[in-house]
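A.B. asks: Protein chains in written order, with the numbering used here: chain A, 259 to 579; chain B, 259 to 579; chain C, 259 to 579; chain D, 259 to 579; chain E, 259 to 579; chain F, 259 to 579.
Rather than coming from a laboratory, the hints here were simulated on the basis of the structure.
Errors might be hidden in some of the hints.
Unchecked claim - If we take Cβ atoms under 10 Å as the criterion, some of the chain F residues that face chain B in the derived model are:
| # | residue |
| --- | --- |
| 1 | Lys340 |
| 2 | Pro379 |
| 3 | Glu393 |
| 4 | Pro400 |
| 5 | Gln402 |
| 6 | Tyr432 |
To be verified - One-sided excerpt, in silico: chain C residues whose CB lies under 8 Å from chain B:
| # | residue |
| --- | --- |
| 7 | Tyr323 |
| 8 | Tyr489 |
| 9 | Glu490 |
| 10 | Asn492 |
| 11 | Glu494 |
| 12 | Asp502 |
| 13 | Ile522 |
| 14 | Gly525 |
Glycine included, C-beta positions come from ideal geometry on N, C-alpha and C.
The chain contents come next:
Number of protein chains: 6
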Amino acid sequence: MRVVWWNGKLIPESEAKLSIYDSAFMFGDTIFEMTRSFNRIQFKLQEHLERLHRSAMYVRMPFPYTIGELTQACLDVQTVNKFDDSDEHRLMINITRGKLAIYESVEGSASGPNVIISDFPLRWTTQGMGKLFDEGINMVIPSQRAIPALLLDPKVKNRSRLHYLMANIEVAQYKGENNWPLLLDPDGFIAEGTGCNFFIEKDSKIFTPEPRNILRGITRDFVMKLHGNAYEKNLEPYDVYEADGAFVTGTPFCVLPVVSLNGIKIGDGKPGREYRLIMDRFNKHTGVAIKKQIQHWDNGIQGGTTPYQFAWTDSASSISS
Amino acid sequence: MRVVWWNGKLIPESEAKLSIYDSAFMFGDTIFEMTRSFNRIQFKLQEHLERLHRSAMYVRMPFPYTIGELTQACLDVQTVNKFDDSDEHRLMINITRGKLAIYESVEGSASGPNVIISDFPLRWTTQGMGKLFDEGINMVIPSQRAIPALLLDPKVKNRSRLHYLMANIEVAQYKGENNWPLLLDPDGFIAEGTGCNFFIEKDSKIFTPEPRNILRGITRDFVMKLHGNAYEKNLEPYDVYEADGAFVTGTPFCVLPVVSLNGIKIGDGKPGREYRLIMDRFNKHTGVAIKKQIQHWDNGIQGGTTPYQFAWTDSASSISS
Amino acid sequence: MRVVWWNGKLIPESEAKLSIYDSAFMFGDTIFEMTRSFNRIQFKLQEHLERLHRSAMYVRMPFPYTIGELTQACLDVQTVNKFDDSDEHRLMINITRGKLAIYESVEGSASGPNVIISDFPLRWTTQGMGKLFDEGINMVIPSQRAIPALLLDPKVKNRSRLHYLMANIEVAQYKGENNWPLLLDPDGFIAEGTGCNFFIEKDSKIFTPEPRNILRGITRDFVMKLHGNAYEKNLEPYDVYEADGAFVTGTPFCVLPVVSLNGIKIGDGKPGREYRLIMDRFNKHTGVAIKKQIQHWDNGIQGGTTPYQFAWTDSASSISS
Amino acid sequence: MRVVWWNGKLIPESEAKLSIYDSAFMFGDTIFEMTRSFNRIQFKLQEHLERLHRSAMYVRMPFPYTIGELTQACLDVQTVNKFDDSDEHRLMINITRGKLAIYESVEGSASGPNVIISDFPLRWTTQGMGKLFDEGINMVIPSQRAIPALLLDPKVKNRSRLHYLMANIEVAQYKGENNWPLLLDPDGFIAEGTGCNFFIEKDSKIFTPEPRNILRGITRDFVMKLHGNAYEKNLEPYDVYEADGAFVTGTPFCVLPVVSLNGIKIGDGKPGREYRLIMDRFNKHTGVAIKKQIQHWDNGIQGGTTPYQFAWTDSASSISS
Amino acid sequence: MRVVWWNGKLIPESEAKLSIYDSAFMFGDTIFEMTRSFNRIQFKLQEHLERLHRSAMYVRMPFPYTIGELTQACLDVQTVNKFDDSDEHRLMINITRGKLAIYESVEGSASGPNVIISDFPLRWTTQGMGKLFDEGINMVIPSQRAIPALLLDPKVKNRSRLHYLMANIEVAQYKGENNWPLLLDPDGFIAEGTGCNFFIEKDSKIFTPEPRNILRGITRDFVMKLHGNAYEKNLEPYDVYEADGAFVTGTPFCVLPVVSLNGIKIGDGKPGREYRLIMDRFNKHTGVAIKKQIQHWDNGIQGGTTPYQFAWTDSASSISS
Amino acid sequence: MRVVWWNGKLIPESEAKLSIYDSAFMFGDTIFEMTRSFNRIQFKLQEHLERLHRSAMYVRMPFPYTIGELTQACLDVQTVNKFDDSDEHRLMINITRGKLAIYESVEGSASGPNVIISDFPLRWTTQGMGKLFDEGINMVIPSQRAIPALLLDPKVKNRSRLHYLMANIEVAQYKGENNWPLLLDPDGFIAEGTGCNFFIEKDSKIFTPEPRNILRGITRDFVMKLHGNAYEKNLEPYDVYEADGAFVTGTPFCVLPVVSLNGIKIGDGKPGREYRLIMDRFNKHTGVAIKKQIQHWDNGIQGGTTPYQFAWTDSASSISS
């Protein structure tokens, strides 16, 4: 039975519930982070917590613990939730403003902000993504546009995001498989997926939208450094059609290839060269064969001695695929 | 102890909590309505539930009960929560999409949508508003703009509304008392408050923004009918300064006078003639002396035999004030 | 063999071709009208030609014939192209600016504007639409927006309309049947289909977008008069979901019911009451059972004595369906 | 008599005509390229054909030949159309989607896409431009704005461009000589001329608008490389007034100086230093004295032994002028 | 020698000068009104002063006199400036915020707001307009757009209007005579001239832009009442080309016909029927033959016994012209 | 008694007044520059006059003197206005278009443009700013947006700027001290203060908005060079919250630290490291201890031997503070 860290206490996951009078529920008034481990070690936790702090500052959310304390809390909850070696820990760190003042007298939940760290198997999030490493994603531009920073800044990782869900639903109505939404901002520039950042490959360089109407993803930043020849730029659909390849980045799956936009092939319609290069380096850096791991989970392979521990042979196969 | 109606069951209010894995929490993915009673009889309940149904349709939220069933549920919860005669019932009716599919295996909360009806004393919501009936509100236009319908339609009463909270916080930084935010839309037209609709008075007519980038309030509609000489129109700050008076409408307080915009007096800087006319008719229609009721609550006057039952003398005093 | 009227001469349709150096081809620089007959009598020909004249004036296209002369030309071409009684004449009237000046010396086409009237069986245009009278259309809002009047006025019926085709292609990628695109303008207001005007029904009234970022359809105007309780208004998707019914108008098919938007049912998901009312009156007015005619064509029924001549029984069946 | 290459066949230019039922005519649904030769050798043909392919992909136009085949076709048509040595070959390569499906039965034109390569003397296009090399152009900003990429991407070289013609007409109403339109995009940034890209000179650098709401000209790219100190940047009218010089690029004339904007002198109101530098290099690169060639054509000088063959003396005179 | 009323004193016009340290000069921080007389009686003075008061309120300008006091001041200044009977009084009423606080110690001008009423012959303003009553104006849409109310509200009659001057200069560059600028707002709707409101005539009705991004002219309001069949509506260039006629309104000239837009004739290209109707009624209402008066001034006819006193024969001739 | 240079003549400051019929007053039609001296030597005078010339060109203002002549005029006026050694000269250089043509006959002011150079103690402008060097400014984002360059280019230093004053007034309504407005442009990017340019500090670099919807400040340019690691970039409020520090630049005060935005601390809420570095270099470059000078003025310390002459000890104390 998993536990959740709630304002300093570890409680059973089944009791990790929020009052319906909490500002989180009332206004989408939560800031949050979601992380993952590689071989049970949290990745970029410091960066995630610092972003959480910036989000808090922006929306004037109380931030009742130091980053050091939150780091410790993450370790604590993960230690208690001892997972099988074939699993990884996905942490979800939320801060809510707490019960609205007018509901003060409602029983059963304390006043003030709620800092909540839950921890569950990463495979829940990645389910069904295994095949995408090989088949690639078809990004689809829906009618739904990104809300620009002037109105509600997506750089603040918050939970007032019904429009993301609307985009997901819209794209589910398209024919075909492996469709993910790619939002344009109101100016027509590519913004982001509804849970990932977008890159194109061109002439051995990689390009990703200017960090304006998007979440500035931590994997996005890491991939730019991993690759070394990465640029932020306003991108439009035309640029994608002209590209050699494309991919998306996100914490749970790290990097996934994009092979078409609106059903039109990008490059040769296969995972791109830079994507494979990055994936290779990502594997090496983390010591996990990421694609293999997620595909194993999808195949229901569990236990054993971490069959997707990264090995040098993975790299080669990745490049040759 | 109050109860809450949850998917057909009555549970203690202290147990009315939502999983942190619910879509409501994750995306601000809740549609809702909030109602009030007059003399313990729910007002415009049918209209609220129909709007709830339209919201559900728009965001493709499951709607697992008929409007008839929900009406009955509202009555049921209110019957159990027998309030003192000096109280009114404020119902909060929420529908969430339920736990996200990937969290299926989390224990302690069932799958599927949650329909939740809670019921609490209206005085919680109206606290501190009593003096506004006499002093009037100073609306302040913050830098925060309304999100236009193209991006996330405010006509759908949803809980992805962090920007409302941002506007509230911004306006709290202004000097002076009784400041409420008044949002402009990106075109510069007046949209709405962060929980009320806005009207101006001019030459014995009343005008309210076109029903585009606003919630189409049920009190707004009712007030337009009560008054009889009401028009929807694009309004700008200039129109407000040129007006004879102004007011806001909202379910809990019904109507409140607005006496200035950005600190600049509207008309003679007192509650306007049409406001008082409407308030008078509202009192008569509902049988409750609304201002007196809310002021009594603010003064901590409780119990007795409903001291703010509307009487014909209230009307006169209202007009002469 | 059909003939085409070209600058005053009747030529075989197979020779009705335009130089690749014509401004029409170079810039989409054509203005045009498309009409239809009822029982071989052209409908609203005067209105079409007057709109053609306004289009010419707006884009400063030469207009070398009077409206009277063009009317006669339409009659002439139709007289020569004697169709079977089961057919109707669809006229296409184009004006192009002619060969660009720099291509003056190219042989095989004269200089100056080309006025071209072609005439072909209406059934070509309506093919496959027969079932839509019963099943209704599912309008789909694509990512492609209408080009607003400020940039290129759609009220001018011109042939610089690649974006219409782009919208058609985009909507073809949606799942399901009977999908037609419905364009929003950049403000998020409903504009038009890519060949039809859009209406909603509400409380026995009909509403259609303000005549701003749309073609001001001649059938649109006629239907507003036929119905009698029609209004121009900014419409948004929310308004459609709230409507009792919806339909589109266009010259070839006159009126077709819309039963859903983005797959979400409008009203009861069946052709609406006002639609049926209008169709009934349209039949009477024109003396043609429009739906029956188009369905017969789709069924390959031809010849005979005009089996879809309107009869009073058609009206009744229309209402009861 | 010139010939035209049409879907693999060479036909007389006078027969190169398109059905009035072709999608090209109906929707401005053509993609195209226009090239030129230097000393009868096509320039950047590969780049033009690759851009044609990207345009096709974007608008989902069939592309029934390989780039290699099209290259051969261009050579073929040019070989047949043997021009005088004083002439250059201007190729126009179009692809149309072909007759709309509903017009299938119209005789006289086959179904499916039309790939059309015509070839005519470049002097047709450049007529009257000769003096501009010395006098310079006065760019004028009309009320007509560029259509932004979000609505119809100008990076796709298509023929749905009535707004270009509207801009041309508007600017023809200005007083004075040598006026060419310079379109702003809706954000107020300089986009392009209606057939050329725009550059400014400043401190020995050259700047041209970001490649967003413009055609990404092949001459534009070549000039950036020729110069070596070239940058893409958002440009506004203020930047032009502050510049040392300005020029435009385009396939037929290569580079032309701009000496004023809206009648206000740029720099000293003469062709700028960078312009002259580029022109000099362009002459050398192509082996043609471009200005001299075009001026000779304008002067009706023809035949002889290519009097505008580039010579080293041209360069010097160019710099000293 | 004319006098000017300045904060309650009458001073010679030649001394009516403002410190270069006045906020008026520093920021365009003046609000103002300009009026005219008919037969030496000020027209709509009350309405002008009330608008001045609203402007003051909006920009938080001190308003140190009552409207009654200002009315008297206007009369006083006009009484002293006794004009010839062939003249009319044009009043210019300005309020400035006064010397900026930091320039307090500059000598030669008092602190605090300046209320300034000057008075000069109307013929100064109307010079050269006489022929326009017969020839009509050609409105030209410049690239310069109106600044929308959201950014700086034109409904506040203020002197921060450099963009009006820019529009005037731009239109002066067009070919032809009688060109006046007609500003579009950023949405593409017709706003206003740079000193007049715009109307079109259609089917015996008159239409003028919604009172949003314009000055709400007092003559505009008066003309709407005079005509009786007047409507406020979003208007676009297309609507003008479709109109039967057009005209502009403004205090000094009252009403002037518009006969073309961008050189394209409106209706039959002559002053419209509604224009003539309004002019006729305006003459009768004011007792002045407005056109005749202004034309006389332009012809240098002066003195005598008010030769342009309105007579019933003027009306007839007006209608028959 | 100070003098003012007016079209070549020196006149007493008390007589430096402008006719109320001047275009400057009528339209905010003035272009201007304001400079300062360091130790009585004008700073960057050439740059200011060159910008003045560009402004004149843009708005087509006459520019009747050469830059050399204006430089001399500045020296002349300063020479006559011999200030105490504890003072600095602030020059204000204005050009107005002069009396509008229709007011030609008004006496007391000549026709044609007015070039006006006034000269007053800098301490007038900096009064009250002394404490800001230590306490820092709280920038506040008002509802008022910057007018974008498309509508009225702020790069032209003109006096049609009522909206700046509106922003000042709006921010004066906020709680707290040291509030200065920071305008966003309509896209939500940070533009400028109402008299200063804005910078953030991040990782030892400094960033300032792209020079689009701002005045391109001369101090801004100088500070970028002084620092050496400076970049132009679109900035949003989020970027400010993420920054290490912030500051503003302006001619009179040179550089002032910004310690919070909307009341939210930037970095540690103290003047930033880069700010202090720049201030140190600025002091050295100009030979004036800028902060000390302004604080002395605020403290009323006057005369003596220039107590705020820069000394090397100032630098040290600046860094250690």
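A.B. asks: Each hint should be assessed against the structure and marked as holding or not.
C.D. replies: Evaluated hints:
no., hint, verdict
1, Lys340, "44 Å, violated"
2, Pro379, "32 Å, violated"
3, Glu393, "18 Å, violated"
4, Pro400, "6 Å, holds"
5, Gln402, "9 Å, holds"
6, Tyr432, "6 Å, holds"
7, Tyr323, "43 Å, violated"
8, Tyr489, "13 Å, violated"
9, Glu490, "14 Å, violated"
10, Asn492, "7 Å, holds"
11, Glu494, "5 Å, holds"
12, Asp502, "13 Å, violated"
13, Ile522, "6 Å, holds"
14, Gly525, "11 Å, violated"
Going through the hint list in order, the structure does not satisfy hints 1, 2, 3, 7, 8, 9, 12 and 14.
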